[in-house]
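There are 2 protein chains.
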Amino acid sequence: MEGRSDHPPVHRETRFDADVARYAARAKGMVASEIRALFAVANRPEVVSLAGGSPNISGLPLDVVSSLLSDLVLQRGTVALQYSTAQGDPTLREQITDVMRLVGIEANPDDVVVTVGSQQALDLVTRIFCDPGDVVLCEAPSYVGALGVFAAYQCQVVHVAMDDEGLVPEHLENAIRTLAAQGRRPKFLYTIPTYHNPAGVSLSPQRREAILEICHRHDLLIVEDDPYGLLGFEGEPSRALRADEPARVVYLGSFSKTFSPGLRVGWALAPHAIRDKLVLAQESATLCPPAFSQLAVSTYLANHDWQSQIKALREMYRERRDAMLSALDDLMPPSTTWTKPKGGFFVWMTLPEGLDSKAMSPRAIRERVAYVPGTAFYADGFGSQCLRLSYCFPPPDRIREGVRRLAAVIEQELELRDTFGPFHSGRRKGVESPGPDLR
Amino acid sequence: MEGRSDHPPVHRETRFDADVARYAARAKGMVASEIRALFAVANRPEVVSLAGGSPNISGLPLDVVSSLLSDLVLQRGTVALQYSTAQGDPTLREQITDVMRLVGIEANPDDVVVTVGSQQALDLVTRIFCDPGDVVLCEAPSYVGALGVFAAYQCQVVHVAMDDEGLVPEHLENAIRTLAAQGRRPKFLYTIPTYHNPAGVSLSPQRREAILEICHRHDLLIVEDDPYGLLGFEGEPSRALRADEPARVVYLGSFSKTFSPGLRVGWALAPHAIRDKLVLAQESATLCPPAFSQLAVSTYLANHDWQSQIKALREMYRERRDAMLSALDDLMPPSTTWTKPKGGFFVWMTLPEGLDSKAMSPRAIRERVAYVPGTAFYADGFGSQCLRLSYCFPPPDRIREGVRRLAAVIEQELELRDTFGPFHSGRRKGVESPGPDLR
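Chains as they are written, first to last, in my numbering: chain A, 2 to 440; chain B, 2 to 440.
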């Protein structure tokens, strides 16, 4: 971002004109997010940012990690600092199967491919499956980083509606049938069934069964993205879709929310044939994921009580979720609605009729509160009446203050609306690129 | 690799058939290297591997690295373990410009994009420039990992001949003209001008001028890959092409050969407009490169005498280069020829007429010596009379022993040839995927 901001636009234009004709078609869809500028401002200390999705890692036992990594270099430095295989470290892959067991998955380490965060897993899955124009089914709204990948591979995203129980089976069935009537077949369903980003809802057990049945009947591949699955606030973790349909689901996992995003260690669990293609794709993409990061995670899992650490994270995020929901209940004007997450990082808010979250955003920033406008989470420009609030990073008192400021901004917007009539923003083209603080 | 080897092929086939119809066109070009199996064997201790391109990192000051990383976590853990920006850490990008100054490059840190090894830089450059069917000019032979990337993006690779002074300007000119006559224009020239992998030659200063002049005249973009530029055995480092043509060259650098491949830190230096696209491509590919790896390299550069470390590496590799060249002089049968590298890791050997490096490979393995057959370095199946020998990893005495074994194998092949006539292998289709030990 600092890079993008500090050289003269005219200079960029000159260079740009010289090169643009040579770019690949896919590059034309790569455009900087309209809300980047807002993010630059949102990161100012006086602004309460309810926009970012970065985990709060202040609770990590840095002394433990420090000595583990020190020992790693001394004892296994020539392995940790050397190339690894493209598939990833066998011990780590074994440990990853232990982690997945917590969401009901029984897997063979041989079917795991380690990736540079689960973002890269999604990039590689899309790389091996999607030709330009191919259809990918996504929830409405969907993860902005996934929409960025699908745009980069020139996929056509078809959104399928959700409600408070997550993806709606009837709408999925209809979307598949409508496409079939056009002679089109989606490459896969991309879904975040548990603690959805940005919607903050989870797929109910009955819904999971129904979704699996529909995908089975239509022989549709499922890409299950599960970065928040272990960060639930109530009872046991939800059972992953992959747990009941090993041959039809590519499961994407990550240590970014449960340990450290800075190591960039995620993974894909896939049927053998797909796993083989993912390994080959990883080889041409990076040769291999960072050995050091892999062994760092591996030694952390082996030598630290990571499950208690996750329990502590759950407590911290639950307290923040509670702070946000009670602040919303206390402070938001009527006719503003929002979801009630049972885990994860996000609340999805719907503004009163006639309000526009992107138009409101600069005014919110001026009032020192930031959020992500809903349009970022749609490939088709919808979502202007919605916005994403995250409670993962700021402490509870800041969350309440942020909600207070946001409520005031919405009140002002309502006055404007009632005086001048509803705001109608034109529908935006293209996809917001994820941006460093949008994950 | 271990993954690929230990499940029954029949099982894989079953799954494969179920999914193959759905893969993207680009995935059909992703096939496992024919020589992977050989590599599995080549890694046995009794085999002298002259095949691998992994740097010898045994000389790294592990105690220093250990305490630097320990301090990094204690003092800056919440930054090093958190997401970074897609472009990469500003301090590291500043330090990268210091590194590039050693090859004559004056650059603005704002034009540097940090990548997951320079392999990913090449992947991202190809991603933003190349549509399926686009032509990329490469040296003949060229880096196998680059050919893997170009295959993954469905590029057409046109090889341009080299000699002992590197890429031959007349052949480059002819290739461009021939394509122009077909109404085709290459997207860029991919070149490793210094200590070429696999050819072991370097572009002479006069040649550099000539190549730049030709690319300027034809307005051709250059992608300069320079992983070995600081690992020369004689005099000062060669001046990078980028040093004299900032607006026309995308320069790819890496810390894999000068510090650690396991951290996967490389970079691209590009004109602003291209830099912008690379940052957006990085966001959808990985969100951001590993912060920990970036700060690890940054603290190493800031707190250790890295230039002396590189000097020590040069001495070690020079001794091994000398060991290989003298062994080749002493032991190889006449009519076998090879290049005399002035830096880097590799010697390129041409076998006597009628011998085939791939057909010979299993017999070489049986005699406990491994190399990479030349066909791996061509997109078009050429190179069967050539092979790559690397001296980077085994100690000098093992290198000599490996060459002794290889010479014996070649002698046997010559006997077979003189008895049964020349061996003619069919030309192989497709590209060898780089594989974990082929870089």
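Take the hints with a grain of salt, since some may be wrong.
Put simply, identical chains are the same to the list, so a pair is met inside one copy or across any two.
[Said to hold, decoys possible] Within a straight-line C-alpha distance of at most 20 Å, the following computed DMTMM-like cross-link-like pairs (lysine to aspartate or glutamate) qualify:
#  : residue 1 : residue 2
1  : K29       : E214
2  : K29       : D132
3  : K312      : D220
4  : K341      : E246
5  : K343      : E237
6  : K312      : E416
7  : K29       : D135
8  : K359      : E316
9  : K312      : D111
10 : K359      : E416
11 : K359      : D306
12 : K29       : E402
13 : K343      : D99
14 : K312      : D72
15 : K29       : E246
16 : K312      : D135
17 : K359      : E320
18 : K312      : E171
The hints are simulated quantities; they were obtained by calculation from the structure and are not laboratory data.
Evaluated hints:
1. For the identical chains of this complex, K29 and E214 are neighbours neither inside a copy (38 Å) nor across copies (30 Å), given an alpha-carbon limit of 20 Å.
2. In this assembly of identical chains, the alpha carbons of K29 and D132 lie at most 20 Å apart whether taken from the same copy (16 Å) or from different copies (12 Å).
3. In the homo-oligomer, the alpha carbons of K312 and D220 never lie at most 20 Å apart, since the shortest distance is 37 Å inside one protomer and 59 Å across protomers.
4. For the homomeric pair K341 and E246, neither the shortest alpha-carbon distance inside one copy (28 Å) nor that between copies (56 Å) is at most 20 Å.
5. Proximity of K343 to E237 under the C-alpha cut-off of 20 Å is restricted to the intra-copy arrangement: shortest distance 11 Å within a copy versus 62 Å between copies.
6. Taking the shortest alpha-carbon separations for K312 and E416, neither the intra-copy value of 44 Å nor the inter-copy value of 70 Å comes in at or below 20 Å.
7. Taking CA atoms no more than 20 Å apart as the test, K29 paired with D135 passes in both settings, with 17 Å inside one copy and 16 Å between copies.
8. For the homomeric pair K359 and E316, neither the shortest alpha-carbon distance inside one copy (32 Å) nor that between copies (59 Å) is at most 20 Å.
9. Taking CA atoms no more than 20 Å apart as the test, K312 paired with D111 passes in neither setting, with 28 Å inside one copy and 41 Å between copies.
10. For the identical chains of this complex, K359 and E416 are intra-copy neighbours only, at 17 Å inside a copy versus 78 Å across copies, given an alpha-carbon limit of 20 Å.
11. Proximity of K359 to D306 under the C-alpha cut-off of 20 Å is found in neither arrangement, the shortest distances being 43 Å within a copy and 50 Å between copies.
12. For the homomeric pair K29 and E402, neither the shortest alpha-carbon distance inside one copy (40 Å) nor that between copies (54 Å) is at most 20 Å.
13. When the C-alpha separation of K343 and D99 is checked against a cutoff of 20 Å, the pair qualifies neither within a copy, at 24 Å, nor between copies, at 49 Å.
14. In the homo-oligomer, the alpha carbons of K312 and D72 never lie at most 20 Å apart, since the shortest distance is 26 Å inside one protomer and 27 Å across protomers.
15. Taking the shortest Cα distances, K29 and E246 never come within 20 Å of each other, neither inside one copy (37 Å) nor across copies (26 Å).
16. In this assembly of identical chains, the alpha carbons of K312 and D135 never lie at most 20 Å apart, being 40 Å within a copy and 51 Å across copies at closest.
17. Proximity of K359 and E320 under a CA criterion of 20 Å is satisfied in neither setting, with 29 Å inside one chain copy and 63 Å between copies.
18. Proximity of K312 and E171 under a CA criterion of 20 Å is satisfied in neither setting, with 36 Å inside one chain copy and 66 Å between copies.
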